[in-house]
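Undergrad: Two chains, two separate frames, one set of hints: put the complex together.
Protein sequence lines, in the order shown, are assigned to chains A and B.
Take 0 as the starting number for the first sequence in numbering that gives the first Met the number 0 and just add one per residue.
Take 0 as the starting number for the second sequence in numbering that gives the first Met the number 0 and just add one per residue.
Note that these hints are calculated values from the structure, not bench results.
All values derive from a computational prediction rather than experimental measurement.
Even glycine gets a Cβ: it sits at the ideal position worked out from N, Cα and C.
You may find that some hints are simply not true.
[Stated by the list, open to error] Only some residues are given here: those of chain A computed to face chain B with a beta carbon under 8 Å:
#	residue
1	Asp-6
2	Met-17
3	Val-20
4	Tyr-27
5	Thr-28
6	Leu-65
7	Ala-68
8	Pro-106
9	Ala-113
10	Tyr-126
11	Gly-131
12	Asp-135
13	Ile-138
14	Ala-141
15	Phe-225
16	Gly-233
[Unchecked claim] Which stretches of chain A does chain B cover? Using the computed rule of at least three CB atoms under 8 Å from a CB of chain B, they are:
#	region
17	79 to 86
18	248 to 261
[Said to hold, decoys possible] The calculated label-pair distances, taken between Cβ atoms and stated as ranges, are:
#	chain 1	residue 1	chain 2	residue 2	range
19	B	Leu-79	A	Gly-95	47 to 55 Å
20	A	Ser-39	B	Ile-219	48 to 56 Å
21	B	Leu-213	A	Tyr-23	31 to 39 Å
22	A	Pro-154	B	Ile-28	20 to 28 Å
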Amino acid sequence: MSRHRTDYLWVAPALLVMLLVIGYPFVYTIDLSFYDTPPSSANWYFNGVNNYTQILSDPFFWAVTLNTAFWSVGSTVLAFLIGLGAALVIQREFVGRSLVRGLLMIPYVISYVAAAYVWRWLYHSDYGLISGVLYDAYIIDAPINFLDSTSNVMPSLIIANVWKEFPFAMIMLLAGLQTVPQQLLNAARVDGANAWNRFWHVTVPTLRGVIIITSILLFVGNLNSFGLVWIMTGGGPANASQIWITEVYTLAFQSLQYGRASAYSVILFIVMLALGYFYVRALTSGSRNREARG
Amino acid sequence: MTTVAGVRPRGRVAARGWPRPRIKTLDVIATLWLILLLAFALIPMLWMLSTSLKGQFAALAQPPEWIPSHPTLDQYQTLLSPTGTVGPVFLRYFLNSMIVSLTTTALGVLIAIPAAYAFSRFQFPGRDVLFFAVLVRNMFPVVVFLIPLFILMRALHLVNTHWSLILTYMTFGLPLSIWLLKGFYDNIPEELERAARIDGASRFKAFWLIIMPLSSPGIIATAIYAFIGAWNEYVYALTFLNSESLLTLPVGLQHFFTEFATNWPGLMAAAFIMSVPVVVMFMLLQKQFVQALTEGAVKA
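Here chain B stands alone, though its shape is the one from the complex (with noise of 0.2 Å):
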């Protein structure tokens, strides 16, 4: 439609004539501004990405290459060869991770619907004392559930194994995916519901039919930020697994690290493939989970 220097509304107020300098000028910080903010963000990716692309000794060259001038895929080889000795180590992190944050998403979403709906249409005490567990939780130090939740993990048997992870993951993620889908419920006229009810449908009946398919984008961004916040746990990874063929990515990339500590490129590498699962599946669906993250807030 228009440009980042022709906002539409000042259009409107220069013809009324306003001072055409002024608008410009603040257009021309706002690009600038803009440009900046791009810069910021993404160098470091960039970066992450040109690194990964080069041979170990390109990598230290200085004055550092911005673009690789003999660019190679040498190191996602070694990372996702099922032989050789990285390989299959790598590719069985990726595969934990998988197995980890999907279970985590598809359990977490399956409790924290029902309760959403509940605290949308019943008469719970509900948005206020859900608002204060989701500030308590985040509130609550993480790292201080860790001891007694390893004792727990211990007493029902689950430490060093991925169900350990799972459940932790699901439960931490609870209140705030609630948080969310309540959000989605509430935006859906209870008039529906009423005309089902009235049909002679039953209340999980009408909830089955008329507000599950109508709800499914904010099914799919709640379950988007679980499976986000799972695939980059790290603390209870870190404490939980013990086990090498159990690790997760990110515990597993600073075994990696630890182990060849001057493969900048193959650790760039590894923090790439990584980063994309979530970075693609955050852009595809961008809409929603910005959405599902700014529901709350916005209306509280």
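In isolation and in its complexed conformation, chain A is listed as follows (with noise of 0.2 Å):
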């Protein structure tokens, strides 16, 4: 027993931070968001379930959902396929790889800051490249309004976003895909399955682990994306880019409304969730079956 006890004091260090930086605010969160948060006065309220109802039964609330849902399925599904392209061209062998794979992972390491600044530019109206490029091809006849436009708005920022992190969906089925067993496809290949079997019924339920882990991965990632929505349109033009977390951050740091922004972390926190747990079920248990079939 004593042995024990000295066992956590290893743990120790780490966990004291994260009650403190982690678990502490997380508390603090779901408690505050019952309380009303007048933004003029210091006298903070118990008010109940009201910060979820108002919540909930604003439209606005399911318009920012509704683009939400957009950007974080659109980037993670683009993003996934991308990466999974490839990382199925970089594992084969050729000159240069390792080369080729850095140069592709640095739009990952460089900073949502500095990708945001670029893409502007890129996508700026007047003297954009993409703009420039395209009228100059005589392929459009007038600038296109990528980020100025509500229509045009969350495709261009998704854009930039794939651009941003397809690579780390490439580097984690790169690893996958250097687990699958050589043998196993060679076998496949003998009996005469083609590339396109050989990938479906060899490598991808050899994947199914890391192919769980990455999208959850990107779209927790999608959710939680502040920076770039921010400083691309800031969530405009007229909140067409607005999505839950820059909602969130201007509930608290623009109007000043710690309860209500807290009320609406925790549905979010409670979405999230939810869709992780049935995501993860779902696709464990998918495999379950095929193993018990197969």
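TA: Below, the structure is given as structure tokens:
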């Protein structure tokens, strides 16, 4: 027993700071979400679930939710597919392979702030590279409004975001691909399976775990992605790119409604937790069925 | 060894009489796709560099100049000269970022090492709890912690100091750091310590003399990861600091932008300088970085 007590000394520092900086705010946020915190006064008072009912009955919340879904699903799917495509081609042996892998990962390691400014500049409606090149090639006859148009802003942001995070999917899946047993692929080939069948029936089932983890990490990363949207559009124009995370920030630090922002946060957390839980369960039970059948 | 067009096992298969043209098609597609990917990943970076080497008027030229016809280092000189109006401010931001990131990294690794080792070796309900902590930390909207942490930092008199950022970054990085390091410790055979313990070494001594040296690649990888995270962080720096002299680069860049709204070459030069440390560090230690990032996921 005493030996176990000294075991805990090894993790004590980590546990202590995590309790202080993660545990305490976690509880505090939940507590604060039941309070009315008028920005003009220091008198915060308990008002039950009012913050929650107000948020959920506000049509604007649902508009923001739709934006968030588009942003997260769009970014995750595209980043995953491009990352997978990149992993499949990087996995082949060729000269300069590790250099190419390194170059492809540059967008991932630079900051979202630098990325946001570069893409703002690329998208610039008067002097931007993209409009300029397309105009020059007679593909368009007027500059495209990437970020100042309510219909273009989301796809434009998603492309910038996919640029930033596809390398993450790439290296995760690349690492997974390297665990696929070569004998199994060879056996499938001898049995006459073509490249697609080998990929679908041998590679994908082996990668299941990595696929789950990569897509969850991408998805929650996108739900929490603040800097890119905030710097590129600030949620505009006309709230067309307002997503949950930027809306929480606006509520808390521009409208100074801490209580309401906290309730908003708790709702997001519940949604994320539920999504994560059902997603993991669906995928793991799928694989169990497959194993039982196969 | 071989080129994109000549993947080794395929050569053997072709010799066995598989239809050659089909294999070639796959190679061509792979090569084209790779070129496309490289263009997608690198053009924005190259455009950043190209713009930063232009004068303000050249940057607005239409059609855009891919390669500046009159390249100039003016923007870099302005940003990096310790005299003038912009240089000292920018250098201050850079220094602040360095201080915060290096302190965060050192403290974070120091705290993560024993915890990771304990999770790897001792009888904790380790792995599941830890992985859950990593996920939950990622799932709880980062912005959400802002309000309570801001209030906490105020109570601790840390608002508007670098310590508020260091404490936050370090802690937020911990679950992942521990998870990454644990992966490295798991790969070191326990027999090594057992032998040392039988020879009379204490648990700590066995750890310090046997495990620490063996796990240094893992520690380096975790450190890079922590450094890059701290170097790039934006939201907390935006909220916790308000003195101009304390700002870190990501937030400072925004000030730079609002003050010099039309100076795109200057902004691109600043973004480029900000990207250099992380890109260089990553390129030098690519292998460890990739290993650290993927270690847990592949085994889970």
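Undergrad: Name the hints, by number, that the structure is in violation of.
TA: 6, 7, 13, 14, 16, 19
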